[in-house]
Every structure is written in C-alpha cells, then in structure tokens.
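The whole structure should be built from the sequences, with the hints applied where relevant.
These protein sequence lines are chains Y and S, in that order. Here our numbering is used: the first residue of the first sequence is 1, the next is one more, and so on. Here our numbering is used: the first residue of the second sequence is 1, the next is one more, and so on.
The set of hints was computed from the structure by calculation and includes no laboratory data. Heads up, none of these hints are tricks.
No more than 27 angstroms apart at the CA atoms, straight line, and that leaves these computed lysine-lysine pairs for BS3-like:
id : chain 1 : residue 1 : chain 2 : residue 2
1  : Y       : K17       : S       : K109
2  : Y       : K151      : S       : K70
3  : Y       : K18       : S       : K109
4  : S       : K25       : Y       : K4
5  : S       : K82       : S       : K109
Derived, one-sided and incomplete: chain S residues facing chain Y with beta-carbon distance under 8 angstroms:
id : residue
6  : G38
7  : D108
8  : K109
9  : I110
10 : L112
We put the beta carbon where it would ideally sit given N, CA and C, even for glycine.
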Amino acid sequence: MSKKELIVREEILGSNKKVAAEIREKLEAAGVLVVNLLSSPGSGKTTLLERIVETLHPTHPLAVIEGDIETERDADRIRRKGVPAWQITTGGACHLEAKMVGKLLPEIPAETKFLFIENVGNLVCPASYDLGENIRCVLLSAPEGDDKPKKYPKAFASADCLIFTKSDLIPYLPFDLEKAGNEALDLNPRLRIFVTSALKGRGIAELARYFIESRVNMIQHQRHA
Amino acid sequence: MHELSIVASLFEILEAKARENQATKIVGVRLRVGKLAGVVPEFLQTAFDSYKQDTIAAEARLEIEEVPLKMRCRKCAAEIEKEDFVLVCPSCGSTDLELLEGMELLLDKIDLEV
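So, in structure tokens, the structure goes:
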C-alpha cells in the first residue's frame, strides 16, 4: 500500500456546466432563445410569465419549463394559455440542474423560438447552476424590499437582466426603486433593468421586445461566428 | 442549501478518480471554495461527512480552502482583494472590474491509498 497525492483542479459542478453548454449549443442551432427566471418565492415569476406568454403567443412560438418543489400548478397556469409547458417537481431540491432540462429537450416542438425556464423560488442556490440559458433574469418584487441586491449578490451579479415586479405597489411601500437599481448596478454594471407590473401591464411590451431582440442578436451572432 | 447536491457531484468525480487510479481508499480531499461560490463551508463539511459513509472516502478528511474575492480594475489596473462584494475600484472609482478569483468551486487535490 502506498500513498498518492492526486492534483485534480476540476470544477465540482463541471458536469452541470458541460450539460448546460450542450443544451445551449443545441437550442441555439435550432434558433431557440433560452431564458432562466430566478427569484425568491412569491415575487411574481409565474404571473409575469403569463403576461409574456400573452404578448408573444402565438406570433412567437414559445415553450415553458416550470420548476417547483411540488405540484403541477404553475405548468397548468401556462397550459391554460395554449402554450406547451412541463413541470419539473424537484421533491425538495432548491434549484433546477441542467440535466433536468436536458431530459425535456426532445419534447420541445420544432417551431419553438423561445424557451422560458422558471426556476424553483430561491434567490440563492439557482444562481450556481447554469441551465443552458442565453439570458438569466433575476426578479425583485417591491414587497421584498430594496435592500436585496447586496444581500444576495450572486443572483444579481450573475444575471443579464433585472426585472422589478409588482411596481404598482411601490406607492404604498418604503421601496426606493432607484436605490435598488443602483445597488444591483454596483454589483453588475451590465445589467439591463426593466420595471414591470403584471397586474397593470406596465413594462411587459418592453420586456417582450428585449427577448425578441436578444433572439435576433443570437441568430445574427451565429451567422457571423 | 444546495451543499448536498454539490457533494453528490463531488463524489461522482471522487469515485471516478479512485477507479482510474486503482485506489483502495481516499484519505483526504481538498477543495477551493470562492467567497462568491454561493456555498457555506460548514454545510459542505456536514454534507460531506454524512455522504461519505460506506463509500471509498469513508475515512477521508475534507479540507476547505476559502478563496477571497480578487478583482482587477480594467481602467487603472489596480488589484483589489475584498471580503464583501462591492465592485467599485478604491483607487480610481471605476466600476469596470474584472473578477479574477472568488467564484470557484474546485476539487483541488485528492489523497489516495493505492
């Protein structure tokens, strides 16, 4: 028996990253823009998605993957809009992983142009897992408070876009939109910021346009690559 | 609290490396965990100690090296090491900073018995 020191220097989540890269490559080639939505529970991901679905469907075919600990509820809400949706129930796990998304790829209809993935409600763990998305959106609702970006830096630092939700409630709350936006920009100067209210329809058209333009950029970038 | 699934991914690598090297035992594991890796070292330790039971690493000691945030200012080239995550260059005030270290979650080294 002898001892051996083995230098590895390997990323522990390397296998997730690898699967995510495969998903991104495959879907980019098929012209599908993938959006990963992450935020704490109750910040309005599903309701925002319903408004986005109403705006894009059926002109821009889309599909939705819903992640939750339990229940089929969110996928049912999206299906009611006439859009294909799959529910991943993690049975307790606090985040989605790339291989869970990968398993669903064969079911995505060929005409799909946008795939929205609603992560498990959690502002911590989902930030560590690439799902093969092109755009990562972090949501912050007014009732959560304007101090969240620096309390949960990884979610905000790793996102491409910050979506303020429930903005119709801001007049009734001590929520400083500018302060929250600046805190997030301190962490991540390249963040795109949208202010939305799913209830009043505010900011939804701008957000839908951002997704459409991002897909166009993705396809153009591919042609030049 | 995704430390247990991180440990599960870690064991996939550990078991593969042990097989490749025909090891009889893993006696030590060293990780490098960035300040911004989004994991709590204490939880990782607890998850490791419960997961290792009845595996090839049952007697392994886990060592976690915490890596502070290290950034470089793209404007004035200053290198900055910080505990908290405020990305403004203390030398010139620029926000154009490049993150060099502090995001990593690496399996650095394994001690094997072969």
